[in-house]
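J.: Once you've looked at the hints, dock chain B against the given chain A.
Just so you know, the sequences run in chain order A and B. Be aware that the first sequence starts at 1, since it is given in this note's numbering, and climbs by one per residue. Be aware that the second sequence starts at 192, since it is given in this note's numbering, and climbs by one per residue.
It is worth saying that the hints were derived from the structure and are not from the lab. None of the hints are false.
Label-pair ranges, simulated between beta-carbon atoms:
id, chain 1, residue 1, chain 2, residue 2, range
1, B, G458, A, L146, 39 to 45 Å
2, A, E137, B, P596, 43 to 49 Å
3, B, Y438, A, H49, 47 to 53 Å
4, B, K366, A, F151, 55 to 61 Å
5, B, Y438, A, E64, 55 to 61 Å
6, A, E137, B, K212, 29 to 35 Å
7, B, D292, A, K148, 53 to 59 Å
8, B, I268, A, V191, 34 to 40 Å
Listed next, the in silico DSBU-like pairs over lysine-lysine satisfying Cα-Cα at most 30 Å (straight line):
id, chain 1, residue 1, chain 2, residue 2
9, B, K569, B, K546
10, A, K182, B, K193
11, B, K352, A, K163
12, A, K182, B, K194
13, A, K2, A, K182
14, A, K148, A, K133
If you want a taste of the chain A side facing chain B, the calculated C-beta under 8 Å gives, among others:
id, residue
15, D20
16, P26
17, K27
18, K31
19, H75
20, A104
21, D105
22, I106
23, N114
24, D159
25, D172
26, T176
27, K182
Using N, Cα and C, we set each Cβ at its ideal position, and we do this for glycine too.
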Amino acid sequence: MKPLRTHKGTTVSIMLDNIDTDQIIPKQYLKRIERTGFGEFLFDEWRYHDDRSPNQSFVLNNEERKTATILISGHNFGCGSSREHAPWALHDYGFTIVIAGSFADIFYNNCIKNGMLPIVLDDAIRQKLVTLKGDQEIEIDLEHQLVKTPFGNYEFTIDSVWKDKLLNGLDDIAITMQYEDKIEQYESVRV
Amino acid sequence: MKKTLFDKLWEQHIVTGDEGKPQLLYIDLHLVHEVTSPQAFEGLRLSNRKVRRPDLTFATMDHNVPTENQLVITDLIAKQQMDTLRNNCQEFNIPLADITDEEQGIVHVIGPELGLTQPGKTIVCGDSHTSTHGAFGALAFGIGTSEVEHVLATQTLWQVKPKSMGVCLEGNLPKGVYAKDIILHLLATYGVSMGTGHVIEFYGETISNMSMEERMTICNMAIEGGAKAGLVAPDQKTFEYLKDRRYTVNSYNERLVDWKKLYTDKGANFDKEIFVDVSTLAPYVTWGTNPGMGVRIDEALPTIKDENDERAYEYMGLQPEITPKEIPVQHVFIGSCTNSRLSDLEEAAAYIKGKKVNSNVRALVVPGSKQVRNAAMKQGLHTIFIEAGFEWREAGCSMCLAMNPDQVPAGEHCASTSNRNFEGRQGKGARTHLVSPVMAAAAAVHGHFIDIRKEQTNETVTYA
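This is chain A alone, in the form it adopts within the complex (with noise of 0.2 Å):
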């Protein structure tokens, strides 16, 4: 996993709320057993017509839009079924970072696993965010945790340890593995 210390970048709006997996990525793109590959599928049914052309009336197919690496949504972003895809499609097409009002949990815990990360801002915010023109950055600074945007610099929480996952790229299972025997001590007693 790449670490992510800072990002500059673009920004795209969707602001539904409850945005679920099922259309972030459509359940017929689960059957592949790859982990890559993912991005052309991402919110499939609103991107494209059934003959597969972009549908231009969906914002990630206008074309200010279309290097934009982090998204911002609504409340309850990721609800629904616990499908790794739908971060690996967000990472795939271009996203690092995704600013909602609030995530579902497994949705949440599957971005930082996949080195992206899920920021929460209140409304207001958001609301200002929305008006940023496609060409305008604006940057996330992990270790101080803030959102430096032309309106202000704001400030998100995130578990320091999930923060220092990100900023170091650690991979969890060889983390893990250094407590093998606490775990041996655990299966001792309890399994």
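T.: Just chain B, lined up with the frame of chain A:
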């Protein structure tokens, strides 16, 4: 110090770490299926890691298995995923209920059936509806594929302790109103993020009176309220259910001692609490594109209050102020990990007996497991369904998420006993309405939703 059931379950599984920070939890049972596991096994191979406890792992195939004829898999990509699971289970020595095995079925149906699901266990699966198993007093939650790999390699998971929420259900359910309607009512009233960051314990008189299957229906959809898990404290019904199951038969008496200690102490506090009198509830129908967009059958669809509603109405092809009875239904799906157990099929069959499926409706019954299917056939339920015009299928997830050929065409409406009515869930452009099994059966007969309470009452009057 008074503790909730959730506190007890959590404490018993901490390997290391302090409260408030990610703690390493031991996982007692890891259920695996074909869709969310291939990348996890691949990860193990790439880092040359083993499965730590294959004996605490159990796999089956459910998400994309065909249900018309399980031996004819026309979707080659789906077949590759099933083959991959079979090979992975062989390579890592994991027990598998394969497509042809008598134990095959939806992972959340077979776990309890086999007695793998037990009170006091931590249970995970790469599927959000793992919350179902909480009905047995197990701490059970869905995880992503990276976490699947983590559990395979270490039998543990890093988790921050969620908060606790109590949902107290009191009163008797009126006739025609079911466990499904309770959870749809909760979602319609408190929203699809009512439980985010919380583990919900359901308790009270109504829960005590419920069968294990009804409790599973409620815990199953705790995730639709965003909850980390749903829980019901185990009681005599739980113990009876588990008594002679394959994985409990040899250790039952010994485990019973520990199971009996699993309850929320009198005076323990939840972080958040809801009280519901279920005696005033009615059958529910969802009208929109998330499970919280539901109304009582005797209520009109709500007015548009924001962009989310507007979009949902447009997708569903419906207008505010109409009643659910005016919604035409072209498809009926009785199945899924929410409502595909024997009692669900019994209730639907009791309604359907002697009636006919409306000529405008295609109706499917997909039992949750081979065991459910066989038990139903022993009672002759399949004959009732088939004679009425239903298709009687093999076990699997089927039209709940339409990963197999069972799909709803664009623009058509489906009365479904499943758990999610998201856009495109049952097929691109498909319009899903979540209901109880009897409401679905009634929609199959009438070609639209009806108030089953009235029909049932009328029948009583006729016979009296």
